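Required output: the full structure, derived from the provided sequences and hints.
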Amino acid sequence: MDGLAGDGFGVSPWRVAWRGFRASRAGVHGLGALAAVCCGGLLEPVLSAGNPTPGGAAKAAVAALDAVAASLLLGGSAAVLAAVVALVWGGGAALAGGRAGPRLVTLAGVAGALPLPLLPLMAGGLLDPDLGLFAVVLGLAAAPAPAVAAHGVLAALLRSDMATAADAAGLTRGAVLLRRVLPAAAVPLLAACWSALPRVLAMEGLAGLVHLGPGHGPAGEGATWGSLLGDAVAGGGPADLLGPGLLLAVTLWALGAIGDGLAQAAATLIPGGRRGAP
Amino acid sequence: MLRFALRRCAGLVLPLLLLAGLVLAIAPDPADAAARALGGLPRTVGLVVLVLALGYGAGVPLGLAAAMPAGGPLPLRLMGRLGHGLAAVSGGVPGFLAVAVGVVLAGGVEAAPRMPAAALLLVLAPLAESARLARNALAVQADSGFLLTARSRGLDERAALARYARPLALAAVLATLGPVGTAILCGAVAAEVLFGLPGAGAVLVGALHGGDGGTATAALSALSALALALHVGGSVAAAGLDPRRRTL
Chain G
1 MDGLAGDGFG VSPWRVAWRG FRASRAGVHG LGALAAVCCG GLLEPVLSAG
51 NPTPGGAAKA AVAALDAVAA SLLLGGSAAV LAAVVALVWG GGAALAGGRA
101 GPRLVTLAGV AGALPLPLLP LMAGGLLDPD LGLFAVVLGL AAAPAPAVAA
151 HGVLAALLRS DMATAADAAG LTRGAVLLRR VLPAAAVPLL AACWSALPRV
201 LAMEGLAGLV HLGPGHGPAG EGATWGSLLG DAVAGGGPAD LLGPGLLLAV
251 TLWALGAIGD GLAQAAATLI PGGRRGAP
Chain Y
1001 MLRFALRRCA GLVLPLLLLA GLVLAIAPDP ADAAARALGG LPRTVGLVVL
1051 VLALGYGAGV PLGLAAAMPA GGPLPLRLMG RLGHGLAAVS GGVPGFLAVA
1101 VGVVLAGGVE AAPRMPAAAL LLVLAPLAES ARLARNALAV QADSGFLLTA
1151 RSRGLDERAA LARYARPLAL AAVLATLGPV GTAILCGAVA AEVLFGLPGA
1201 GAVLVGALHG GDGGTATAAL SALSALALAL HVGGSVAAAG LDPRRRTL
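Read top to bottom, the protein sequences are chains G and Y.
Numbering-wise (the numbering used here), the first sequence opens with residue 1 and increments by one.
Numbering-wise (the numbering used here), the second sequence opens with residue 1001 and increments by one.
No wet-lab data here; the hints were simulated from the structure.
Take the hints with a grain of salt, since some may be wrong.
Between beta-carbon pairs, the in silico distance windows are [as the list claims (entries may be wrong)]: (1) Y/Gly-1046 x G/Ser-12: 52 to 60 Å; (2) Y/Glu-1157 x G/Pro-183: 51 to 59 Å; (3) Y/Arg-1003 x G/Cys-39: 51 to 59 Å; (4) Y/Asp-1029 x G/Cys-39: 50 to 58 Å; (5) G/Ala-23 x Y/Pro-1167: 27 to 35 Å; (6) G/Ala-23 x Y/Arg-1163: 27 to 35 Å; (7) Y/Ala-1035 x G/Ala-96: 36 to 44 Å; (8) Y/Ala-1106 x G/Ala-96: 30 to 38 Å.
Residues of chain Y placed beyond 10 Å of chain G at every Cβ, according to the derived structure [as the list claims (entries may be wrong)]: (9) Arg-1003; (10) Phe-1004; (11) Ala-1010; (12) Val-1013; (13) Leu-1017; (14) Leu-1076; (15) Arg-1081; (16) Gly-1091; (17) Pro-1116; (18) Pro-1167; (19) Ala-1237; (20) Arg-1244; (21) Arg-1246.
None of these values were measured; they are calculated from a predicted model.
The beta-carbon is built from N, C-alpha and C at its ideal position, and this holds for glycine as well.
Here it is, written out as structure tokens:
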């Protein structure tokens, strides 16, 4: 049994992965914390309607909850772009093989070694981008590290006994990839690409803090956590910082914990996969 | 080992040349832009190295203690609990956020001593991250066959981990100096801006606010060179502890 198509007894890989994820206490707690942040964002209209002219800390908290949707949408769209780029880059390197494959991975490694979180700052200062362009820059800046991880996953699966057996049975390269490798690789690839989400949220926070990110429009229009942080540091007090700071910190922690849970789930699917600490 | 280090350093030449070429292509006055960026670099290097040393110096022993088997003397048990606690909050407090909270709580930049305050705030993130990395690295090594062999020859679990697994776990942690250093570098940019420290990060953000693309590119190139140097330093240090890494 090579363990790549579930547990080898007719159980789907997704079910096996979910079992592995649930075994990670931090991952489950992270999922709960993220759900709480999202619920807070959904409840914001109710909270602000009940108290139309809040002041001080309540006003800052409502503003931070109001920014949940904008921050998560911006982060989510940038992370999806980063995942697509990472899959094309890493997958291309794994499939190319020969000399081109290692070179593509080396390029991703060198790019990942650069301080790419400063790239959105450059875009914010020099291009004055709208939200869409900013999301593209965030996505591109977050892509190299998941690309290296995605290459590792796909290269390992392409060398696995399962792929070799399918190859020996006469399946074409495309059929091996589509019917065998990709279904088994879905959860490990999700784990590899998940790190892009906290990465883009942190980048947006940094850019907003130094007033080079989006959301600094009139009357807080389209405000994100980063822009609220920047405004709080520039002229507000601790109460103004508490809402966006706390929500960003909880979200980043939750996303990291979910990433650990996904890595543990992926380890249950890959033969010889090693689990880290709980 | 020397050959490995030289090969790694040689790998820096092409990216550094490309960064220099970028500055020459974009900056209207490359010499002035480079002088301004490089003028602030020593302060940024000092801040990043200080934070890395403090964070790894305290976080790695705590993380290693957290991965040790239960029992042992009280100080080690306390260190283990602290390591577990730090590892649990890892990722939730990025450097820039800690700096922002510190500045606001201190009632503004002027109220806090600048360089020590910036370093103390920035150290929280690498402290927690290095504790998590060390704990996980030792936990992974604990499954290794050579530990089973060591225990079968009469060594107790704690001694076997300390003698055989700890160097390899340390190597795995040192290999992350690059990514963690890059994260500290980005926090240092925020710290320099908020505390008014005249480093390369402050030059970068100041140039961006002023629309000076040439100086901003030069500052970004200087910071990129520092990040690449941290990556090479991390991989060479890791290879020093774990010879298997010299083939990578």
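Against the structure, the hints come out as follows:
1. Y/Gly-1046 x G/Ser-12: 52 to 60 Å: holds, 54 Å
2. Y/Glu-1157 x G/Pro-183: 51 to 59 Å: violated, 40 Å
3. Y/Arg-1003 x G/Cys-39: 51 to 59 Å: Holds, since Y/Arg-1003 and G/Cys-39 (Cβ atoms, about 57 Å apart) stay within the stated range.
4. Y/Asp-1029 x G/Cys-39: 50 to 58 Å: Given about 54 Å between the Cβ atoms, the range holds.
5. G/Ala-23 x Y/Pro-1167: 27 to 35 Å: At 29 Å between Cβs, range holds.
6. G/Ala-23 x Y/Arg-1163: 27 to 35 Å: holds, 30 Å
7. Y/Ala-1035 x G/Ala-96: 36 to 44 Å: holds, 43 Å
8. Y/Ala-1106 x G/Ala-96: 30 to 38 Å: With a Cβ separation near 53 Å, Y/Ala-1106 and G/Ala-96 fall outside 30 to 38 Å, so the hint is violated.
9. Arg-1003: holds, 19 Å
10. Phe-1004: holds, 16 Å
11. Ala-1010: holds, 13 Å
12. Val-1013: Consistent with the label, Y/Val-1013 stays out of reach of chain G, its closest Cβ about 12 Å off (over 10 Å).
13. Leu-1017: holds, 13 Å
14. Leu-1076: At about 17 Å from chain G, Y/Leu-1076 clears the 10 Å cut-off, so the statement holds.
15. Arg-1081: Correct as stated: the minimum Cβ-Cβ distance to chain G is 14 Å, above 10 Å.
16. Gly-1091: Nearest chain G Cβ is 3 Å from Y/Gly-1091, so the label is violated.
17. Pro-1116: Consistent with the label, Y/Pro-1116 stays out of reach of chain G, its closest Cβ about 19 Å off (over 10 Å).
18. Pro-1167: At roughly 18 Å from the nearest Cβ of chain G, Y/Pro-1167 sits farther out than 10 Å, so the non-interface label holds.
19. Ala-1237: Y/Ala-1237 clear of chain G: closest Cβ-Cβ about 15 Å, beyond 10 Å.
20. Arg-1244: Y/Arg-1244 is indeed farther than 10 Å from all Cβ atoms of chain G, at 16 Å.
21. Arg-1246: Consistent with the label, Y/Arg-1246 stays out of reach of chain G, its closest Cβ about 17 Å off (over 10 Å).
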